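There are 2 protein chains.
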Amino acid sequence: MKNVKYGKCVRCGKTYDAVPDLTNCECGGILEIVYDYEYIKTVLTKEKLAARENRSMWRYRELLPVEEDTPDTPLRVGWSPLYEEPRLAEMLGIRKLWVKDDGQNPTASLKDRASAMAVAKALEAGAKTIACSSTGNAASSLAGNAAAAGLKTYIFVPERAPKGKVAQLMIFGANVISVKGNYEETFKMSAAAIDKYGWYNRNAAINPYLSEGKKTVALEIAEQLNWEMPDYLAISVGDGCTIAGVWKGLKDLYAIGFIDKLPRLISGQSTGCCPLNRAIQTGEDWYPMEENTLADSIAVGVPRNADKALMAIRESNGIAVNVTDEEILAAQRLLGKTCGVFGEPAGVTGAAALKKACELGLIEKDATVVSVVTGNGLKDVANAIAAAGEPLHIEPDLDVMVKGFAERGVTVE
Amino acid sequence: MKNVKYGKCVRCGKTYDAVPDLTNCECGGILEIVYDYEYIKTVLTKEKLAARENRSMWRYRELLPVEEDTPDTPLRVGWSPLYEEPRLAEMLGIRKLWVKDDGQNPTASLKDRASAMAVAKALEAGAKTIACSSTGNAASSLAGNAAAAGLKTYIFVPERAPKGKVAQLMIFGANVISVKGNYEETFKMSAAAIDKYGWYNRNAAINPYLSEGKKTVALEIAEQLNWEMPDYLAISVGDGCTIAGVWKGLKDLYAIGFIDKLPRLISGQSTGCCPLNRAIQTGEDWYPMEENTLADSIAVGVPRNADKALMAIRESNGIAVNVTDEEILAAQRLLGKTCGVFGEPAGVTGAAALKKACELGLIEKDATVVSVVTGNGLKDVANAIAAAGEPLHIEPDLDVMVKGFAERGVTVE
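Going down the list, the sequences are from chains R and C. For the working numbering, count along the first sequence from 1 and bump the result up by 504. For the working numbering, count along the second sequence from 1 and bump the result up by 504.
Hints are computed from structural coordinates only; laboratory data are not their basis. Keep in mind that the hints are not guaranteed to be accurate.
To be verified - Here are the simulated BS3-like pairs of lysine-lysine, each with C-alpha atoms no more than 25 Å apart in a straight line:
id, chain 1, residue 1, chain 2, residue 2
1, R, 552, C, 552
2, C, 552, R, 907
3, R, 907, C, 841
4, C, 656, R, 600
5, C, 632, R, 841
6, C, 841, R, 667
Stated by the list, open to error - Chain R is faced by these chain C residues, among others (derived, beta-carbon under 10 Å):
id, residue
7, 628
8, 632
9, 710
Everything numeric in this text was worked out from a predicted model, so none of it was measured. Heads up, the beta-carbon is just placed ideally off N, CA and C, and yes, glycines get one too.
The following block holds chain R by itself, in its conformation from the complex (with noise of 0.2 Å):
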């Protein structure tokens, strides 16, 4: 990869080659791509990158860590829309709001750019199998991705892991291991196989690549703004490895002269697992938390990407702001209501967030803010239910329509 120089501990600072397999620094640390910008400079310009066909995330592959022959994986991963929201803006008392739909992917989440990454390493590794643990948006992004790409996957889950999501796998023609244990005992038994095994490693907390594929979302973010960046960049934050992709995207941007301003990053956590955004606020270091809160896919007591994603929210002079279940529902509520967009509830996250940061005053009236969703509604239907309230149940009367409604503050007209 002649863009690429190497892989570098986050922690320590150790570099190492930059070989399809990487994993983590032998101190434990996670690494960075770390890219050759001076090259990037020589091969890609925002005129080229007007010129191009390919709508998806592939159409970055300048900044992208794969060789140039490793072909685009078949599903169209990116490329989600990136809504200009006026009515919103004024609602929430700010001069500017974009929000980014990433539920408009293959399997219906932003996990999708990391997953097609990591089968694009895997079929450079030569790897036919790929596996992961996981109970939710990672598992089903990995099925899809490498179903289409002709791979093998193994997925480990947890025997709670909600129905619905174990069939989407079971679609995608995944070998499914059902565990009977909790997560951590799910995850030791995946990676236990995976090193017996040798199947290429989709994991987050080990592969480096998955927020290089994950930051293709701020670069499309920049393009589709044509590169003058908001005040402002909202999302919800578990794992940590998406708000770091995010901002290595913005970052990368930077070197290259694409972009000449960095947004500040607000991270939005739930109230009942925020460790992430705790550490912001108390400037101490993460410890673990429990997982309380229905946005499942955020419910992350023990962020294994804590590194990056803590040095993305300082650098940026970011914001941390945690939400109650309650206000994420609002905010699922109000997206839907007001853009036509449905995300999940941890899709939304980073919403609820930005809306009570106006409320709070931390952002400026004439502030631009750009909010993205990061998984579709239909994922976790039952949430949506209670968010949403009941239907008016009636006798096919109109009188008694007009009168329901009026009940609920509509006038009928």
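Here the structure of chain R is known, so what remains is to put chain C in place on it, guided by the hints.
Just chain C now, with coordinates in the frame of chain R:
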């Protein structure tokens, strides 16, 4: 509209001015929008299209029945991916196969194309409110597209409507009336309310513009294949509006000289509810049928667009293929496992019909085929669970895992 001549009844031939709130002919027949192809040829070329940035259904504006100054609707509807599937083509014994995944639309179904058109026409009509009765994808796509455009919606559903779909409507802020009664009573109540309050009517049985929105799926397929049409196009059929729209789009392109060949349509219906295919197979008129299929979105015993649909299948020298629920679920697994595409049962019925047609020897070995998946599997998780089977449920022990998979014929390696 310079590009549109008038609406013409498909039954009696009477013509009507193409006003925004056009409904059925006085004879009860449904109208078809008739274009001025000579004019369109002067304003649209393939080169002009190729240079267009817009990647939504509105890129085909010259072929759509909207005023020149009518704005694009806000959600990014259309330009869904068309995947070439060599492995599945080989399994089916045909030369080439492409899968168009129209579940990759904002509210996760092809119906977004019709609802976006309805919203555009409602805005032209100066309407503030838009209404329909439906239990499924038409309802959720209307709710989402209207919310994004700032229009109010009233949506009437029978009380048996699945909770998940109702939740989607509520999230989008629709005024949802759950009617204590069957679908017929629900439909009548909606008609009475629409009549009384003058709301814009989004109903494929009445509004002739909706199939013009749906036809954009065919326009995209043609452009994505560089105007070289396949021998066959397979699609699921319920009410008939979609297959009629697909055919209309193909005929439009043929009329302006963009394509020089029309594919034969493969109409996929469920054996449990196939009034249109039965009419094709017997050569007689259609008549109502019971609705015995798990593919709920195409369980339409009294299709409202029968005239247009039957005309489309017959004109194309099409093939009508009925499939059982088991065959539908098998197609769902096959597309998931081989293509990484997760369709809802009604969404993959066209693919199931294609598979069966191949098995029956109805399709030549050197044929090229496009199969359209019309809705996302996340819409109907219960049936996905039924289709997908159970994961391996075991203690965390690698030997037990190997033994368990061996019993399923899978060698862990």
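Hint-by-hint comparison with the structure:
no., hint, result
1, 552(R) with 552(C), "holds (20 Å)"
2, 552(C) with 907(R), "violated (53 Å)"
3, 907(R) with 841(C), "violated (50 Å)"
4, 656(C) with 600(R), "holds (24 Å)"
5, 632(C) with 841(R), "holds (15 Å)"
6, 841(C) with 667(R), "holds (18 Å)"
7, 628, "violated (19 Å)"
8, 632, "holds (8 Å)"
9, 710, "violated (19 Å)"
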